[in-house]
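Single-letter residue listing:
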Amino acid sequence: MKKSFYSFLNEPKTKIGWVHGFLACIGSVFIGYLIMAFFSLVINSDYAFKLIPSMIITPILICIIGIWLLFCKSYFEIIKKILYTIGFILILFFIKGFFYA
Amino acid sequence: MLEKLNIKYLIRAHTIVGLFCIFLFYISSFFGTITLFLPYLNQWEFPSKHIEKSLDYGFNIDNKLDEIINKYKLDIKNIEIIPPSFKDSRISISSKNQSTIFLNPNTNQELDTFYEYSNISEFINEIHFGENIPIIGTFLMGLASTAIIFLILTGIILFISNKKKIKEKKTPKKIWFNWHKKISLIIIPFLLIFVITGAFIGLMLNTSNIFSLSVSQYKESNLRKLVAPIIFKQKENLPSSQINSEMLALSLLYKTAKENYKNLEIRKINIYNYKKENSQIVFSGYLNNNRALSGNINRVDITLNSTNAQILSKTNLDQTHGIKQSLSAFYFLHFLPDETIGIRILFSIFGILLIASLAFGYLLWAEKKLNSVKDYMFSAFMNKFALLVIVGVLPACSLLFVLHWIIPFEIIDRDIWIKGLFYTFLCLSFCYILYESQILKIIKVLLFITGIFLFIAVFLHGYKTNIYIWNSFEQNLMVIFYVDLVLLIISFLSIFFSNKISNNGILNRFDYKRNLDVK
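Keeping their order, the protein sequence lines are chains A and B.
Here our numbering is used: the first residue of the first sequence is 10, the next is one more, and so on.
Here our numbering is used: the first residue of the second sequence is 6, the next is one more, and so on.
In isolation and in its complexed conformation, chain A is listed as follows:
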């Protein structure tokens, strides 16, 4: 069961299916918002400079990340990319929080 599930996740797809597309959409939105929220946090200026540029860039970034995630041949690869990136940004948030404290 576990082996067949693992091989299903690793199976290279010749065509984008709903799961692939859905994962790319959700993943890109999560990562895009997280990256720009982190940038808002590290910019050292008033709230206007912290917030507005990030909000303008986010939709563009979401699309770029969406394309990056789309170029994955298997579900496993796409899930790995999403989780690793989210994990990396959360570590950055943690480090920033640590220094802020």
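Treat each hint with caution, since some may be false.
Which bits of chain A does chain B cover? Going by a derived footprint, with three or more residues having C-beta under 8 Å, they are [claimed, not checked]: (1) 24 to 30; (2) 33 to 46; (3) 62 to 76.
Derived pair list, reagent style BS3-like, types lysine-lysine, alpha-carbon separation capped at 30 Å [unchecked claim]: (4) B/373 - A/24; (5) B/178 - A/24; (6) A/24 - B/379; (7) B/175 - B/13; (8) B/186 - B/9; (9) B/13 - A/12; (10) B/13 - A/24; (11) B/389 - B/178; (12) B/9 - A/89; (13) B/273 - B/76; (14) A/82 - B/186; (15) B/179 - A/24; (16) B/224 - A/105; (17) B/9 - A/90; (18) A/24 - B/374; (19) B/9 - A/24; (20) A/82 - B/373; (21) A/24 - B/389; (22) B/238 - B/319; (23) B/240 - B/273; (24) B/9 - B/187; (25) A/90 - B/13; (26) B/186 - A/24; (27) A/24 - B/187; (28) B/13 - A/82.
Worth flagging that the hints you see were computed from the coordinates, not collected in a lab.
Just so it is clear, the structure is predicted and the values come from calculations on it, not from any experiment.
The C-beta atom is built at its ideal place from N, Cα and C for all residues, glycine as well.
Model the placement of chain B on the given structure of chain A, informed by the hints.
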């Protein structure tokens, strides 16, 4: 170069995402193209705006201003005067929480605007922003804009990487593909401006609390509360004074402001503590030599002492906040607040090209599905729905112009009637589209109805206001004349095309065939 599989992925993603957002974005683009002419349409809608343009407006309203302030008990702490402009040919005078009084700038007569509260141009703007769909409308439009950014990026990558050509010669598929590709490539810079601003306004402003919470250490989720005190700082009212003092004539103060701020095009006048010893007058507007950076969000101003015309302060563009300048340029590109007809016509041409590109994109997908027996019912339904969105909006939108003049201004729930009849007409159109199997016949009927509606609208405008198209030309009401003229041209073109569409076979192939064996 990308791998073949990645190109395949991109093509499929481009098709599916395109199909998801094409209808929403088509509606936004169609009504958005109309909203480019909103200032002119707005003048055509209201009889009180049918005023001959005064070439040299003198601001000689001092006596009238006194009269109005006393009559309507306006709050003298801050009286706002908006001089006539290409957007509104009237002078408007108001103060906080009180209704606005409008004057004819040529005669200083008060205008009766009691029943002029609902208008179709506002409704068209609502549809453009998605505000007609409660709660999620603007968010959906923002999402559609983001999807279009994705389509632009994938389209560019495909254009660069995919060298595979469609082999068939002069097939309809190749025609749709070539037109979709060529038009889209031409309009990319224009489209990028609109989708990035659209995504910001629709998607990001609706989800801004994530960023607000992040930067405020989870203390504040409201973006406005964080940003407004920095970039939308308002001038505070002056301390009250009991000592009366005569104010200089408004025309003289206006002249002084213009002399001391060369490029300032005054759009708003605020008088603080009217006729008191500490009275001040603020002239704000945009700079003729930098309209983008001094747009609606970042107006520059000059403050004078109302009693002796002494300059108290002057805001230069370089003194304003950087984000305010960027936002001003950002909004300027989307809304063109101070641009007159030239740029608006240019943008509307791009808008029409965008509409055509979206329609060709849809036809490309429909062509692919044409011979698929498995998906036939689904694609046939989508074709019908696409026809409603692409062509059905034309008569529905024209109906708005007729309804504006047919439904009396005195009816309290007038806008509900207009909106209700608009949606009812759309539903009826859809019923007709579903019933009729010949696509060309549907297009002919819908175009013919559009032409008739627009012609009736122009006639009704003349009948109701007593200003027919020839009267508006004689009376030098050029905006009214040109709006009437453009509507008549569109009306005749619609009727002309409805008669001229021939059975060339390109669109006939999309006709719904009830018996699938015929295929």
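Hints versus structure:
no.	hint	result
1	24 to 30	holds (count 3)
2	33 to 46	holds (count 4)
3	62 to 76	holds (count 12)
4	B/373 - A/24	holds, 16 Å
5	B/178 - A/24	holds, 22 Å
6	A/24 - B/379	holds, 18 Å
7	B/175 - B/13	holds, 24 Å
8	B/186 - B/9	holds, 20 Å
9	B/13 - A/12	holds, 29 Å
10	B/13 - A/24	holds, 7 Å
11	B/389 - B/178	holds, 19 Å
12	B/9 - A/89	holds, 23 Å
13	B/273 - B/76	holds, 22 Å
14	A/82 - B/186	holds, 27 Å
15	B/179 - A/24	holds, 23 Å
16	B/224 - A/105	holds, 17 Å
17	B/9 - A/90	holds, 21 Å
18	A/24 - B/374	holds, 17 Å
19	B/9 - A/24	holds, 11 Å
20	A/82 - B/373	holds, 25 Å
21	A/24 - B/389	holds, 28 Å
22	B/238 - B/319	holds, 16 Å
23	B/240 - B/273	holds, 14 Å
24	B/9 - B/187	holds, 23 Å
25	A/90 - B/13	holds, 20 Å
26	B/186 - A/24	holds, 23 Å
27	A/24 - B/187	holds, 27 Å
28	B/13 - A/82	holds, 11 Å
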